[in-house]
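Q: Each chain, letter by letter, is given below.
Number of protein chains: 2
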Amino acid sequence: MFESAEIGHSISKADWKARVPALREALLDAQYDLKQKPDFPVLILIHGFDAAGRGETLNLVNEWLDPRLIHTVAFDAPNDEARARPWMWRYWRELPPKGRLGIYFGSYYSDTLFNRSEDEIDSAELDKQIADILRFERMLSNDGALILKFWFHLSKDAQKSRLKALEKDPKTAWRVTEKDWKHYALYDKLRKHAAHMLRLTNTAFAPWAVIDGTDHNYRSLAVGEAILAAMRARLDLPHPFLPRSDSPSLPQPIDHKLLLDTLVLDQELDKAAYKNALDALQGRLNRLTRDARFAGHSLVLVFEGNDAAGKGGCIRRITQALDARRYRVMPVAAPSDEERAQPWLWRFWRHVPGKGHTAIFDRSWYGRVLVERVEGFCGSEHWMRAYYEINDFEHQLVADGAIVLKFWLATSAEEQLARFQAREETGFKRFKITDEDWRNRERWDDYKLAVCDMIDRTSTTRVPWTLVEANNKHYARIKVLKTVCDALEARLDADAN
Amino acid sequence: MFESAEIGHSISKADWKARVPALREALLDAQYDLKQKPDFPVLILIHGFDAAGRGETLNLVNEWLDPRLIHTVAFDAPNDEARARPWMWRYWRELPPKGRLGIYFGSYYSDTLFNRSEDEIDSAELDKQIADILRFERMLSNDGALILKFWFHLSKDAQKSRLKALEKDPKTAWRVTEKDWKHYALYDKLRKHAAHMLRLTNTAFAPWAVIDGTDHNYRSLAVGEAILAAMRARLDLPHPFLPRSDSPSLPQPIDHKLLLDTLVLDQELDKAAYKNALDALQGRLNRLTRDARFAGHSLVLVFEGNDAAGKGGCIRRITQALDARRYRVMPVAAPSDEERAQPWLWRFWRHVPGKGHTAIFDRSWYGRVLVERVEGFCGSEHWMRAYYEINDFEHQLVADGAIVLKFWLATSAEEQLARFQAREETGFKRFKITDEDWRNRERWDDYKLAVCDMIDRTSTTRVPWTLVEANNKHYARIKVLKTVCDALEARLDADAN
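Line order of the protein sequences matches chains A and B. The working numbering applies: residue 1 is where the first sequence begins, and numbers increase by one. The working numbering applies: residue 1 is where the second sequence begins, and numbers increase by one.
Calculated from the structure, these hints are not laboratory results. Please note that a few of the clues may not be correct.
[To be verified] Covered by chain A, according to a simulated footprint, are these stretches of chain B (three or more residues, beta-carbon under 8 Å):
hint, stretch
1, 78 to 92
2, 296 to 304
3, 374 to 383
4, 421 to 431
5, 437 to 446
Fair warning: this is a prediction, and the values are worked out from it, not measured in the lab. Even glycine gets a Cβ: it sits at the ideal position worked out from N, Cα and C.
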């Protein structure tokens, strides 16, 4: 990866003076074009060896461009909020919105590289993290992000000379810290693992640019022109950017036999049995979430279902058993403008619970493959890849210790009609029924197909969907509570072994 | 405070059944009226003794109203992000937006009450925290928030009986934890300090409702009807809510002699002296921010000034000396919709730096008393109280260890004109000049008056404004850097003594 960066590069002062003014002007034009038409964000990652000019280049970019439209983030060690969540969480949190540039000074690549070089992770874990990175960048890129990754390179000798020179001059001595020398001692390892990491993450949608860091003029102009070229190419596309828009359609069962049709929606449970079971299960759930072993996990519950299927009632029976300081219920409605300026999963990443906590989603990220698909709010080039992105998201949660359970509450069309009518008749239930609910009913079959696809494509042993026969509310609540308790207990017991 | 809550209250089953349906319907109407016209948020605080029905009431409110429009937060011990900031920070963070209900299950009152009852703070600190709370609630209320505070009361005997009864029944035994008995042992202290705290925080704009917690029907109906009455009263106001709208106008110097006129804007500094001073000061600033003692502080720098006064250039000279992982530059532009739904200072509280970090604001909360005042974006009933709110905000920062410095960069009208013209002529500086800048110039005198009022009313020894003569950019940068270094050094040295 570093061969061409070690053959010596420089730009003369005259050349620099001739090229910079036009470059600055073009960069500003690009930045303002992007601001005017905020279709995508630009994410710039700055990496490389100490003393290779990363900091100076960062300053220069902020000087050449309008810094008020740049979101610069330099990542320090994760704080306890970040440590209690999947490692990518803090990078999600700082993504630049559409229409803006974001600069990550150090990033997930630094975590991975330094942990490996200091032997805190082995090569298997390194490759796992590289896979996490690749999925993250692919997701961003499919969502439209322009991703530019720079590696500022120096040979070992050049790094040493540069550190010494900086140290010698009293005006710049403060720029060299103990950490720089510590990193210098690690040079060979860093180089080896960086080469591996860069190679494996050098994708078409997010390629690395390795920049020779020895000459100020060369590296500055190289970065500036690379940013300009990439922005300009995207801005000047004659059509709106789309990831592949040739998704094939999903095959459907040729015998028209659908999973949801196999459910026996009417189930028996008398009131006395319900009350007893409810008390017992709420007690059990409370004890499980107060169990010391739960402190290493979190619980993520997703509720989807037909309108009027009883999601709210199920959720209340669960929260009654939980410590109010340890759970949040997230009703999912229309995104805010801050959320709309981010990749679609961003607003759910925002609410990922920390260890020892429970997050309950009343509707969820599955809206992407349900209402957004059925109503055509997003094209198939978006919802088709949502299955993969959702599985990736949930995988990251589970890998970090979360217990993720998803419930589809199913009622029959007749039961739904009866409930709609009852709601319209009862004053204090009126708010639960809207014109939209009636409209959705008309598309019952389209939704059914979407639900079956969703379950098939996103249900796994570790992150299962539970289909809940919900014509009888009492039965549904008990089934949900019992599923939660069983899964929680199984996971905590698995810890012990 | 608790007398009337101990005389015995109950509501019969028949009465309950007769009143609840109409109450639910009216509550939902109020909630939907608020959603339709999101003029204000409703903040409901739930406090009181354990086993007095707080949790049940929380559940009931979530059942009676549409829970998707309620933001419920139960506060646990603060995490490290919160501990690194003023104690009110985490309550700011969770405020409900306009148009929604927020329920704080426990709040700043719990911090104060338990810390005092467990003798972790003395009565002087208790009164200081009560003062913080009063200012916070007054600010929210002036901003339009409807604040409802409930104290669920039980006598000591009643608490004991209720805990025993819950424990005896195997179905409810799990509801009683060790912590409940620990709090029971503290009853007398909690009661004494709560009475003090409630009395001192019982204001006209945020009164306490003390509710007898013994009878389920009584306490539920009491809370429900109190919420309804308060919401309805506000919703049915015949005119938009305003805090006092009778602010007198600010007196102006009758001799027309203004503070800004006393500055000698043209200052000398040759290029060589500038370069030397810059290197020395950047080195000094770097050392100061890496000083171990700085880990207990944070640095907040505010830049305001005439258009084209050189704020960006000053900021860059500072950030060049800082560790990129330890600072953020916050360019202040128009608020997002999430920000507009919150009290005006919320978007600045969002960016309060943690200990060891620096936050640099390129324009700031002072926009409230500058552009918003001059351009009439908000009425005098808002900007007149902003001085007080700003001073309170900065006071909280400083009390928590922050070093807060504010710079006004002043140029003459002639110098500004020259810079505007130069910017229009230089391609890559064009972005720095807009029509708005030309318009602002026409209101030069209005701005001058606003600036002088701002400085007079918000400059103190601990949070001073520094007026920077900025016709000479080099001079201005050095003055700013030196001021920052001197203030930082003085504060760190003060720690040692």
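Q: Name the hints, by number, that the structure is in violation of.
A: 2, 3 and 5
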